[in-house]
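Below, each chain spelled out in residue letters.
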Amino acid sequence: MKLPGFLRRAGINQRVLLLALIPTLLATLLMFAFYTQERLIDAREDLRHDGELLASYLAASAEYGLLSGNRDALRQLAQPALTNPWIDRVAFVDAEGQPLVGEQLLAAEQIDAARADPRSLMLATPIHLTAVTVEDFSTANADTNQPVILGWVLLQLDDTELQQRERTIWMVGLLIACGGALIAILLALAIGRTITLPIRRISATVDQLHQGQLGARTEVSDSGELGELARGINNLAFQVQQTQDHLEAEVNKATRDLQITLDALEAQNNQLELARNKAEQANRTKDEFLARMSHELRTPLTSVLGFVDLLRKTMLDNTQQEYTKVIGRTSKLLLSLIDDLLDFSKLSSNAIRLEQLPFNLDACIEEILELHLPSARQKGIDLVFVPDPALPERVIGDPTRLSQVLSNLVGNAIKFTQQGEVAVTLSARCAQSRVDIQLEVRDTGIGISEQQQQHLFQPFSQADSSITRRFGGTGLGLVISRRLTELMGGQLRLESTAGVGTSVCLELSFEAVAAPPAARLYPQLPVLLYDRRPLSRRALMRRLEYLGCEVTLMRNRRQLLSELAERGDHYQRLLLSLSRRELKALKGAEFLQPIRARYPHPVVLIANLNRDDLAEELKRELAPLRLLSKPFTGAALAQSLASAQPITVSTTAPTSRDLEGITVLVAEDNHFNQLLISRMLELHGAHPLIAATGREALQRLQDEAVDLILMDIHMPEMDGIEATRAIRALPGPESGIPIITLTAGQAEQEARALRGLNIAAALGKPINEPQLINAINSACHLPSDSAAEPVLQRPRLSRYGIAAGELGHELKHQLAAMQAAYDNHDSTTMRDHSHQLMGLAGLLGMSELDAAAERFNRAVKAEQRQQMATELQQMAELIKQALAG
Amino acid sequence: MIRIRNIGRQKHHRRVRLWLLVATLLLPLRTFAAGLLIVPSQSAQPYLEVIDRLVGALQDSAFEIDIMPAAALSRQRLQQAQLVIPLGVDALDQVLSLETRTAVLAAMVPRESFQTLTRGLPEQSTAIERRQLSALYLEQPYWRQLKLARLIAPAGQHLGVLLGPHHSPHQARLADQLNRSGWTPKLYPLGENDNPLAVIRQLVSANDLLLAIPDRADFNRNTARWLLTLSLRERIPLIGFSRRYVEAGATASVFSSPATIAAETAAIAAAWLQDEARRLPPPAFPQRFDISLNPGIAARLGLDLPSPTSLEQALQQEDAP
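Top to bottom, those sequences are chains A and B.
Residue numbers for the first sequence follow our numbering, so the first one is 1 and each next one is one higher.
Residue numbers for the second sequence follow our numbering, so the first one is 1 and each next one is one higher.
Read the hints as simulated data drawn from the structure, not as lab findings.
The structure presented is a predicted model; accordingly, all values stated were derived computationally and were not measured.
Note that the Cβ used here is the ideal one computed from N, Cα and C, for glycine as well.
Some hints here could point you the wrong way.
[As the list claims (entries may be wrong)] Partial pick of chain A residues on the chain B-facing surface, computed with a CB cut under 8 Å:
#1 E38
#2 I41
#3 L67
#4 S68
#5 L129
#6 T130
#7 A131
#8 V132
#9 T133
#10 V134
#11 D136
#12 F137
#13 S138
Work the whole structure out from these sequences, hints included.
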């Protein structure tokens with residue numbers, strides 16, 4: 001059954017109240033109604049009964065008066081009756097209803113109705129004729145004898161008293177009902193309290209339990225169901241409390257166990273931390289070791305290379321020349337091996353940080369190709385670059401690392417190709433501010449089988465162990481290239497077929513530098529191109545289009561001659577790109593003579609010209625002729641189209657006055673180095689200023705107007721890093737002066753220290769003149785006309801007007817000073833001079849001496865006198881050898 | 001058939017009552033022989049007393065007496081009896097309606113009623129004539145009442161009689177008897193619309209003695225109170241016709257009691273039995289009577305009444321005018 005809404009919302013107290021009150025009040029009401037009604041009826045009936053009684057007496061008494069028609073007698077009967085206060089009127093009427101005494105209270109026909117109404121206050125009583133039985137034997141008609149009605153007594157009852165009595169009945173009834181209801185309410189409240197009070201106590205206890213007060217118990221004051229409920233709640237609370245206590249104990253135990261475990265873990269962590277620190281320390285030591293080792297390996301190697309170069313320029317017989325070449329080649333190989341190892345090491349320890357510089361990708365690729373031109377020429381293979389005109393002029397990336405990767409790929413391609421060609425094809429796709437490039441290096445070399453390809457990108461693994469024997473190398477080149485590529489966010493893919501060739505595809509994405517399109521050098525210059533080889537033809541076409549030329553392509557000689565005959569005058573330039581075989585077929589000028597006969601303008605001949613005599617011969621026969629030796633650079637092609645003179649490729653950069661008017665502050669502690677760098681600068685027209693320490697450099701800056709600072713890192717008093725930091729902190733415009741640092745070390749910590757000091761360039765020792773000049777040019781935003789040769793070269797003192805004796809004197813001076821300080825236990829002086837010697841040796845590429853000086857320096861710091869003595873001896877030996885050499 | 005012989009009166013009463021009940025219940029099973037059949041109209045006390053006494057009176061006779069209520073009477077049963085005695089008007093009516101040839105001696109029937117039932121029926125008239133139908137009337141003859149009146153008021157001259165609306169047919173016979181009794185009779189007929197009190201007042205005021213004669217029961221009862229009241233008030237003696245009248249306030253009454261009725265009926269029945277012709281006497285008023293006096297009233301009236309016995313003897317001596 002569904003309870004009404006108000007009853008669902010009501011509390012127990014209200015419900016109990018309702019439960020007790022509703023039946024009680026209903027019963028009270030019913031009783032009140034019943035008994036009041038009964039009493040009212042009784043009162044009325046009493047009145048009527050009295051009236052009827054009186055009427056019956058009157059009727060009995062009135063028989064004679066009525067029979068005799070004696071109205072006086074009737075009146076006498078009526079008179080005493082009227083003295084009753086509850087009698088209003090009395091009348092005697094005859095059988096026909098005619099009044100004999102009193103008013104006509106009722107008509108005859110109304111009498112029966114008045115008698116039938118039990119509530120009527122008008123009473124009508126018949127007056128009978130009195131019958132007396134006088135027969136001894138009843139006869140048949142005796143039973144049917146009806147009393148004879150003589151007339152009626154009519155009594156009008158006065159209900160004034162009745163009403164008063166009724167009011168009293170009502171009042172008393174109401175009072176009793178209200179009293180009963182009040183008692184019922186009080187009883188209901190009292191009973192309700194006996195139910196709700198224990199429930200409230202239980203509810204309060206449950207609330208307390210809910211709030212976690214598990215010790216709360218409810219009072220058990222009832223022996224009925226509520227008492228059972230209270231006892232049940234108390235039992236439940238007791239059990240919950242027990243369970244809680246048990247759980248708490250368990251948790252405490254678990255917490256203690258956990259704490260023990262945590263302590264153990266913390267101890268383990270501490271041990272691990274210690275182990276990690278040790279490992280990091282070991283790693284740092286390894287880095288330093290590698291740096292030092294590479295340095296120590298590179299220094300003598302560069303020395304060897306330098307001496308090989310010098311040796312070549314002396315008078316040597318053929319055998320000696322051959323040996324010299326072998327020494328040079330193996331030394332370079334060794335140097336590249338060392339560089340590879342160093343790079344691999346850096347990559348392994350994530351020590352390589354990429355630069356984000358704007359650079360010309362085309363130029364960068366061409367520089368790499370140019371670098372490899374000699375070896376390609378030497379092997380007689382074509383090195384072809386197919387550029388993409390869609391490539392923006394400048395992109396942002398790390399040109400050094402890209403060059404390293406590309407150089408490795410091109411070097412490999414040339415290395416493993418005996419004949420044919422190596423083609424570098426660039427495809428660029430620009431999307432908004434980014435450019436995705438695909439650089440494919442395809443060769444016609446020995447190729448790699450699929451099985452060998454699986455091991456290709458594993459460190460120290462080459463396709464075939466025999467390769468190492470045949471071609472040398474560490475097997476790290478591809479691994480380094482791939483890791484560098486991945487570091488630059490690109491990928492490196494290799495496809496190869498053994499015996500057919502290899503294609504390595506480098507995919508990278510750069511941010512393009514927004515710039516107006518570069519002006520074409522030869523807009524709409526009509527050029528006729530003859531080339532029978534598809535790849536070479538494609539490369540040339542691209543390059544010529546890049547320059548703005550209108551190119552007409554001829555695929556065979558007949559077509560060429562026919563075109564020349566018909567429209568020869570139209571073309572301002574004729575480019576003949578000849579293969580080695582075609583070049584051989586030039587004998588007797590059978591090929592060129594008809595061309596010359598039809599085309600009088602300058603002809604550009606592009607061929608693999610190894611023989612100077614052939615070139616001379618061609619020049620002579622086909623003048624005006626411009627020779628472009630393959631492989632060539634874009635710049636060389638552009639130049640060949642413009643220049644009327646034959647192109648000669650120089651291997652050494654001519655000295656120029658390109659630093660004219662530039663004042664360079666040289667902060668270098670070693671006197672000899674000061675002299676060498678000053679001379680280099682003066683050769684290029686710059687004005688050098690000298691400072692022996694960092695502090696002195698700061699001083700000079702305040703007195704002189706300086707365009708650039710060459711800062712040695714290792715200096716007494718205030719080293720280069722500190723001095724640079726001080727300069728950058730200067731208030732005036734001097735703080736923004738470009739600074740190029742010079743360091744003999746390769747330590748990462750130095751690089752880290754310099755990072756953030758806005759260094760224009762960091763150059764290593766020994767000092768390479770072109771590198772230095774280019775760096776100065778770049779830092780001072782001067783045009784640079786030649787690419788620096790990235791070959792480590794020891795500076796030739798004679799070029800700078802410095803006699804070899806001066807170097808010897810200086811070295812001896814430093815050694816003697818160290819020896820004296822050693823004898824005097826003067827650590828400061830020892831450190832100072834060892835430092836100067838390190839700088840001197842580094843600057844001049846005397847790596848063994850440099851390393852020995854550094855070892856001596858460390859020994860001084862560690863106060864290891866034994867080590868100091870050993871190193872002093874070692875240095876004296878090395879200096880002696882150097883001076884003797 | 002139950003024969004009742006020589007038992008005491010009280011015992012008789014009880015036995016008769018019991019017998020009547022058993023007879024009623026076993027009626028369909030019984031076969032009745034010829035004899036005397038008593039048929040009461042009802043089982044009221046006076047009837048039972050009459051039957052009781054009748055049976056007592058005839059118990060030594062040759063009658064085989066049987067009793068059967070009027071309501072249970074059948075023609076066959078009636079035919080089986082040789083003499084039937086219906087007691088009361090209803091029993092007579094029932095017996096006559098069955099139209100048998102059995103001799104019928106009606107008792108406890110007023111003369112007026114007997115005549116009314118037999119009037120106009122030739123069979124009954126023939127039966128009366130053949131002395132097969134007769135009656136012993138319930139009421140005493142007027143002359144016997146008039147004689148008693150004279151004995152009570154020897155000096156009285158005017159005698160008043162109140163007549164009911166249904167008494168006029170017998171008014172002549174009454175007047176005749178009154179005239180012959182030596183009284184100066186005054187008859188006061190009371191119409192249905194007459195004020196009885198006024199008539200009675202006149203009756204009382206104009207006579208020396210009042211005579212109440214039997215009429216219809218309602219008339220008797222309605223007038224009795226005022227006759228008694230006013231006669232007493234006026235000190236006029238009132239002669240009634242029943243024991244109850246005397247008890248109600250009349251001075252004296254001559255009447256038939258159950259004992260006299262039973263005795264006289266038994267005598268007639270016995271005579272009929274002994275009559276070889278089996279003839280009954282003609283219908284007649286009773287020979288026997290009872291007298292009842294109210295000494296208190298008589299004292300209030302200042303009358304010196306003779307004893308009932310002397311009155312009875314005087315009446316018997318002076319019987320039959």
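Which of the numbered hints are not met once you compare them with the structure shown?
-> 1, 2
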